[in-house]
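There are 2 protein chains.
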Amino acid sequence: MSRIYNFSAGPSVLPEPVLLQARDELLEWRNSGMSVLEMSHRGRHFSIIAEELESDLRGLLGIPKNYKVLFLQGGATAQFSFIPQNILHDKTRACYVNTGAWSEKAIKEAHNYCEVVISASSENTKFTRIPEVSSWVLDSEAAYLHYTANETIHGVEFPEVPSSNGLTLVSDMSSNILSRSCDVSAHGLIYAGTQKNMGPAGVTVVIVREDLVGKANNTIPPVFDYAEQAKNNSLLNTPPTYNWYLVGLVLKWLIEQGGIEAIERHNITKSKLLYQAIDQSTLYHNPVDISCRSRMNIPFILADETLDKPFLAAAEANGLCELKGHRSVGGMRASIYNAMPEAGVLALIDFMAEFERTH
Amino acid sequence: MSRIYNFSAGPSVLPEPVLLQARDELLEWRNSGMSVLEMSHRGRHFSIIAEELESDLRGLLGIPKNYKVLFLQGGATAQFSFIPQNILHDKTRACYVNTGAWSEKAIKEAHNYCEVVISASSENTKFTRIPEVSSWVLDSEAAYLHYTANETIHGVEFPEVPSSNGLTLVSDMSSNILSRSCDVSAHGLIYAGTQKNMGPAGVTVVIVREDLVGKANNTIPPVFDYAEQAKNNSLLNTPPTYNWYLVGLVLKWLIEQGGIEAIERHNITKSKLLYQAIDQSTLYHNPVDISCRSRMNIPFILADETLDKPFLAAAEANGLCELKGHRSVGGMRASIYNAMPEAGVLALIDFMAEFERTH
Chain A
850 MSRIYNFSAG PSVLPEPVLL QARDELLEWR NSGMSVLEMS HRGRHFSIIA
900 EELESDLRGL LGIPKNYKVL FLQGGATAQF SFIPQNILHD KTRACYVNTG
950 AWSEKAIKEA HNYCEVVISA SSENTKFTRI PEVSSWVLDS EAAYLHYTAN
1000 ETIHGVEFPE VPSSNGLTLV SDMSSNILSR SCDVSAHGLI YAGTQKNMGP
1050 AGVTVVIVRE DLVGKANNTI PPVFDYAEQA KNNSLLNTPP TYNWYLVGLV
1100 LKWLIEQGGI EAIERHNITK SKLLYQAIDQ STLYHNPVDI SCRSRMNIPF
1150 ILADETLDKP FLAAAEANGL CELKGHRSVG GMRASIYNAM PEAGVLALID
1200 FMAEFERTH
Chain B
850 MSRIYNFSAG PSVLPEPVLL QARDELLEWR NSGMSVLEMS HRGRHFSIIA
900 EELESDLRGL LGIPKNYKVL FLQGGATAQF SFIPQNILHD KTRACYVNTG
950 AWSEKAIKEA HNYCEVVISA SSENTKFTRI PEVSSWVLDS EAAYLHYTAN
1000 ETIHGVEFPE VPSSNGLTLV SDMSSNILSR SCDVSAHGLI YAGTQKNMGP
1050 AGVTVVIVRE DLVGKANNTI PPVFDYAEQA KNNSLLNTPP TYNWYLVGLV
1100 LKWLIEQGGI EAIERHNITK SKLLYQAIDQ STLYHNPVDI SCRSRMNIPF
1150 ILADETLDKP FLAAAEANGL CELKGHRSVG GMRASIYNAM PEAGVLALID
1200 FMAEFERTH
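Protein chains in written order, with the numbering used here: chain A, 850 to 1208; chain B, 850 to 1208.
Keep in mind the hints are simulated off the structure, nothing from the lab. Owing to the predicted nature of the structure, the values given are computational and were not obtained by experimental measurement. Where hints are given, some of them may not hold.
Copies of the same chain look alike in the list, so a pair counts if it works inside one copy or between any two.
Stated by the list, open to error - DSS-like cross-link-like pairs, simulated, lysine-lysine; straight-line CA separation at most 27 Å:
1) LYS1080 / LYS1064
2) LYS1080 / LYS957
3) LYS957 / LYS1121
4) LYS914 / LYS957
5) LYS954 / LYS1080
6) LYS1064 / LYS1121
Please model the complete structure; the sequences and the hints are all you need to start from.
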């Protein structure tokens, strides 16, 4: 067996100790006589897993007591529809900031439920910068203000939580949750798919302030009604039990690494190294404004695009995989989430230098 | 390690060869250098898994070409809402047969989207029989007729596909799919959670005839719109990739067992043995009419309910677990899905006889 460096934007690399533990426990979990895969979600074994999952996440993110933590299905994409259905309440408008492909998707679906106010957009700069917060149009009658904390395709990340001028702040943190410190209490709602920094695909975390819960529209399916799931500890119906368990293992690994502060330092180091290598080269280029470059997803284009294919082939031959950029922006993209070791980033940098030297 | 016999109603026992293969492949799948847990859902490795999953399911169930096979999230419970939203089209009524707790849940949610015609109900017999099909009220203007093929709580199973008199037949087969032969073409739509006979929790299979797809209501989230997911091979957004893989392993195990015919014989044998043991005893009793007893979930009550606790404790001490009946019906329940070996059923029967002898 030889494990490669996997730069996939998600699902993505997992910490090897997590994989090893999952393997060792696959047939039997803690003398239970069964695999986690086989456990009733209402049984005493799984209760332990579920409780530890929530308390570890609360500890890592410092989630205040007046926030519910929900573990749902459907992905962040499903939340594009279920957020307005849950928290518009009697309002008819919501504000959205458009900073890239994922903001656009959220906006498109919100249109089905309310009038969307585009508070700001960086479309005219091809999503390479975040519009100055002071210039945002904030509608005081809007139910909330939505932003995408990190754009995986465009490689743009908010350097800090934006000021919302009193509006309830909602954030899609699918691709940077748990990678940096984050003031949960500045938000009304944070949501994230797990398949980047938290585990495998299949779980959607929703962290929502209690006062926003309980006034969903009438036709929302109960399994996506925050109030119903909160009342039932996200067990209104059978959850993806094994995925919860794996997310739990990733959280315990994060705690062992020293928690968010430690992993953030690690992520700063890794991303600085790679941006430095890109900026110092004449072959590679990252178009994103330095103030909002993503620590998670680093796109770069080659000065000569006929080199794209040879670059990808040679990278793969060197065990550096899934580097192809999204078709909408072309070029390359290195996703370096929490679980990507510094050694992987250094191997990529070495390879890039060698490729530049020989091409 | 000692694995117990797990009679959980779901999530439930999985075939040991599947667990062993999952364990062996956990760190790396087929020389890919990565775990299935880490694979991009758009990558070439996962494409193989996804294609085999669909073609194996089509082969096992004999799904005709004019049916779409979708792999969704949210559980069968989410489909209680999304089925009417997808296939009511311009109709305003739907027929439902009420044969137990799961029918009731489906009916309750359907009320949010249409007028529900209760075609038949066995509530007055405490769900111990299925009303004669000839007595069902079938509204020719209804969009479809819904039935629950197997009721896990009440232990009632349709012995054959009911005649629908031309109405589009919709079936919740969550707890008996792949356990017996089934004429897919008699249905417009079949849906099932995977956590009983198909794998771990986290995937919802929807098998739907093409002509029903493409006229969902406007406000359905795209990830639950059958047309959107069919166009995208269920990859409109990131699916629970590892769960797809595990369902795929279970399907391959089923094929190795000889497919549906072989597993059905196996299920007939196991359930006959257990019903025989119950019927011959004076301590145990199953209240369900012999014509519609479930092969999957076998509830039984003890003549003296003060023996319930000692029974469960002694069973567990003998490695026979998760036998407690649902709180709504009390007593015991043995769920004996495909993956429960005959040895498990025989061990339960032996234990029951011994317990009866000594109490």
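Exercise for the section: Kindly indicate which numbered hints from before are broken by the structure, ordering the numbers from low to high. Expected result: 3, 4 and 6
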